[in-house]
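**Q** The listed protein sequences correspond, in order, to chains A and B. Residue numbering for the first sequence follows my numbering, starting at -7 and increasing by one per position. Residue numbering for the second sequence follows my numbering, starting at 9 and increasing by one per position.
Don't read these hints as lab results, they were simulated from the structure. Ideal Cβ positions, reconstructed from N, Cα and C, are used throughout, including at glycine. Treat the hints with care, since some could be wrong.
Output of the computed footprint for chain B on chain A, the stretches with three or more beta carbons under 8 Å from beta carbons of chain B [unchecked claim]: (1) 13 to 19; (2) 36 to 47; (3) 85 to 93; (4) 131 to 137; (5) 162 to 176.
A partial selection of chain A residues facing chain B, derived with a Cβ cut-off under 7 Å [said to hold, decoys possible]: (6) 24; (7) 51; (8) 76; (9) 77; (10) 79; (11) 119; (12) 120; (13) 122; (14) 140; (15) 142; (16) 152.
PhoX-like, lysine-lysine: derived pairs with alpha carbons at most 20 Å apart [said to hold, decoys possible]: (17) B:175 - B:203; (18) B:228 - B:203; (19) B:456 - B:506; (20) A:251 - B:456; (21) B:437 - A:93; (22) B:238 - B:175.
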Amino acid sequence: MRKIISLLTAICFCSVISAQTTEILQQADSAYTADNFQEAAAAYQHVINTEGTSAEILYNLGNCYYRMGELGKSILAYERALRLDPTFEDARNNLEFVNSKIADRPGERGSFVGNALDAVANSAKSNTWAWLAFACFILTLSGVAAYIFSNLVAVRKAGFFGGIVTLIACGAFIYLAFRSASIALADDVAIVTAPSTILSTSPRIPKDRNQEAMLLHEGTRVQILDSVRSTTDSVNALWYDVQVDNAHRAWINASAVEKI
Amino acid sequence: MKRFSLFILLGTFLICQNLFAQVSFSVQPPTRVYEGDRFPITFKLNNADGSDLNVSQINGCTLLYGPSTSQRQSYQVVGGRATSSSSIEYTYYYKAGKAGQYTIPAASVMADGKRYTTKAVTFTVHESADRNTPASQRPVDVDDVDTQAAGRRVNSDDVFVRIILSKSSAYEQEAIACTIKLYTKYSISSFMPTKQPSFDGCLIQELDVQPSLNEMETYKGQNYMTAVLKRCIIFPQKSGKLTINSGNYDISVVQYDNVNMGMFQVRQPREAKIKVSSNTGTLNILPLPQPQPEGFTGAVGTFSIDSRLVGNSFRTNDPATLIYTITGTGNIKYVKEPVIDFPSEFEQYTPKSDIQAEANGNDVTGTMTIEYTFVPQSVGDFSIGSDKFVYFNPQTKQYVTLTTPTYSIKVAKGVSAPVSSEQKDVENKNSDIRHIYLGDKKPQSVHKPVVTESWYWLMYAGFLALTVGLVAVNRRQARLSADVIGRRTAKASKVAKKRLKAAEAFMRAGNSEKFYEEMLRAIWGYLSDKLSMPVSQLSRENISSTLASKGYSEESANGLVEVLDDCEMARYTPDSSSRMDNVYERGVNVINNLENCKR
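I would like the entire structure built from these sequences, with the hints used as guidance.
**A** Shown next, in the form of structure tokens:
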């Protein structure tokens, strides 16, 4: 009983807060429409900090940052929005648009099969896959039950083969759910937020031109493979071993990137 | 007749143009004057008719007579362009007073409804004793040929070239007038520039000058004949210190040799070759103030703009024109053509631009006309965007933005429009990010995929367990249903046991009377239920027939009747308890038989 009361109060509390939040969000929307992007971005950020986030808020925040000319932050926001909802068509469109505006054009990333699987996994939310898998599982059980309980040969056959098919489908959906979840939860992908940064061949500040690996600009997506804390000239800095694309790998200062 | 009137018209036009020739009023100071000499002072009015001449006398000199007026007019046509000039000279004759400095006071005259005033000019009256000093010892003088003796060294202040700049400090692109002038006390027989002054970092607009040694000018207290060698307007292109390098000139001056011919002396001209370098001009060029407003393309000066659309009805495939005019003073020749924002449905041609600029005074004034020809391709309402023209005004040191209006154009279907059934693809003019999501955004603090939650997997386990359980129960049921008799027996004995429960209790208690009574009641009750008949309608006689009619075997009916009989009998005869066991056993069997019997 006590549990129920606390749950009810929690729901009431939530609805009160969300009324306030809705107002802030509406103000932010109108600020954006009135070209007041700074204010809109601040409001969205405030809601994210206090009430949590959603794909739509992050998407709007990304739009604000793009209008303010901060491409790196904008890409970061879109990527985060797509992690929450990989089916968010507008966010994907805008991410592609902003990606076409950044300075670096990276080469090929990942393998063909991996990218294809990621694309399939990203065509729905992880939860959608999970519930599809569960539905298939129930169907499998129904098939088993039909096979066991029915006296009709046709029903038994249908139950048997249907059960096998749905069992395979269930396994596939579970795999996709995991894959989608791992994409959404991956903490090894980062976006360059510094206007430009020199990557080093080793995890420290390049000493001369021979140690400079490449120059990356704001908005480029990198995959973090390793991290090392190094001290150069009594400056303690974290360095990431990053993979820019299949052909480029170097060390980047952690302060130049932000994880998605 | 028509042609003749055209000539008259042309002539009038030329005369009208001449009215705008520059009017000037100047004073010519006297040349070398000694004590007691008579000398003229001439006021010269160019290109106008003067009236109300106002001249003050020179203090210390005696006015002999004046003014005597002389008038001159010249008219020339050069390259189809007619120019005319006129001048009126008012000359006053004075007798010089004592040696010393004298001032010609400012004089003024009314011309074209405007009053022109000369500057006050000073001149020197030399001591009469100077006249007697040998000419070779007197300084060289323009008008004193005696001093221009051959063999005399030509000093740097006798013949020189000056670069005169209208200002020493200016903004980038601001017009600066530059005059290169020759000053000489000798006459010049030949003049050859060996190196022209160079204007590095500047764009130059040269003015047409015919160098002629005709102007008298006082420079640093001495009189010179001057000639303008070059006049130009320069537009500095970069900020910082700009230097105009000096020019070098080879000049032949004429000196005179006094040749004694016995009776009289003859002056014989002798040429002396000298090399002269001009001074260098320095300019301090200021950069244009930052930040430069958007749309600034480097126009410096004062400008005005105008744009107009030719015509007011537009049809598809009919060319139309937008005329854009920039008028003003400054670097108009280097103003970039504005880019007009035409809708992409209009076919555009390369704009035709025409610059009419003329340098006068210290600046360049002109008009830039740009003709944009466009052909509307589609029917509908379009707008030609407004254009911002930004220029820097060096006088106010501010940027000025002028805007042309936006034109709304209604394009009607043109007559000459080709019949085209060809469909066009929808064209994307620009692409941008999509607009923000305006609906409910539902912020949540926790985003966790269900596959990472344990309850999700517990649901699988739960449903699996449920299915397994169902199967297990079903298996047991199936096993039981396979043993049909056993099941029936079990079921029947269950019914019998239930019915005879009370009887059994009395049997165990040894209460035979109550036992039999209960046995009978139980069996009759059972039969009533079984046959769906009230007990009152049942009797020993009709049981057999009723059971038989319901499909029960005769054997079981007989058994039942037997048990009933035994019970009736035992009720009224004292009996041992061993009989009770037997009756009970048989009662149970009878009910079992009835139950097991398939109807």
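**Q** Does the interface hint hold: is residue 120 (chain A) within less than 7 Å of chain B, judged Cβ to Cβ?
**A** 10 Å, violated
**Q** Close enough to count: is the Cβ of residue 24 (chain A) nearer than 7 Å to one in chain B?
**A** Since chain B brings a Cβ to about 5 Å from residue 24 (chain A), closer than 7 Å, the hint holds.
**Q** When you check the alpha-carbon spacing of residue 175 (chain B) and residue 203 (chain B), does it fall within 20 Å?
**A** 24 Å, violated
**Q** Can you confirm whether chain B covers the region 13 to 19 of chain A, using C-beta to C-beta distances below 8 Å and requiring at least three such residues?
**A** holds (count 3)
**Q** Given the hint that residue 228 (chain B) pairs with residue 203 (chain B), does the C-alpha gap stay at or below 20 Å?
**A** 26 Å, violated
**Q** So, as I understand it, the hint says residue 77 (chain A) touches chain B; can you test that by seeing if any CB pair is closer than 7 Å?
**A** At 10 Å from the nearest chain B Cβ, residue 77 (chain A) fails the 7 Å test, so the hint is violated.
**Q** Using the nearest Cβ pair, does residue 152 (chain A) come within less than 7 Å of chain B?
**A** The hint is violated - residue 152 (chain A) has no Cβ within 7 Å of chain B, the shortest such distance being about 14 Å.
**Q** Given residue 51 (chain A) as an interface hint, is its Cβ closer than 7 Å to any Cβ of chain B?
**A** Hint holds; residue 51 (chain A) Cβ to chain B Cβ min 6 Å, cut 7 Å.
**Q** Are at least 3 residues of the region 36 to 47 of chain A within less than 8 Å of chain B when you compare beta carbons?
**A** It holds, with 6 qualifying residues against the three required.
**Q** Hint check: is the beta carbon of residue 76 (chain A) less than 7 Å from a beta carbon of chain B?
**A** At 6 Å from the nearest chain B Cβ, residue 76 (chain A) passes the 7 Å test, so the hint holds.
**Q** Under 7 Å is the threshold here; is the Cβ of residue 140 (chain A) close enough to any Cβ of chain B for the hint to stand?
**A** At 6 Å from the nearest chain B Cβ, residue 140 (chain A) passes the 7 Å test, so the hint holds.
**Q** Regarding the pair residue 437 (chain B) and residue 93 (chain A), is the alpha-carbon distance no greater than 20 Å?
**A** 17 Å, holds
Violated hints for the displayed structure, listed by number in ascending order: 9, 10, 12, 15, 16, 17, 18 and 19.
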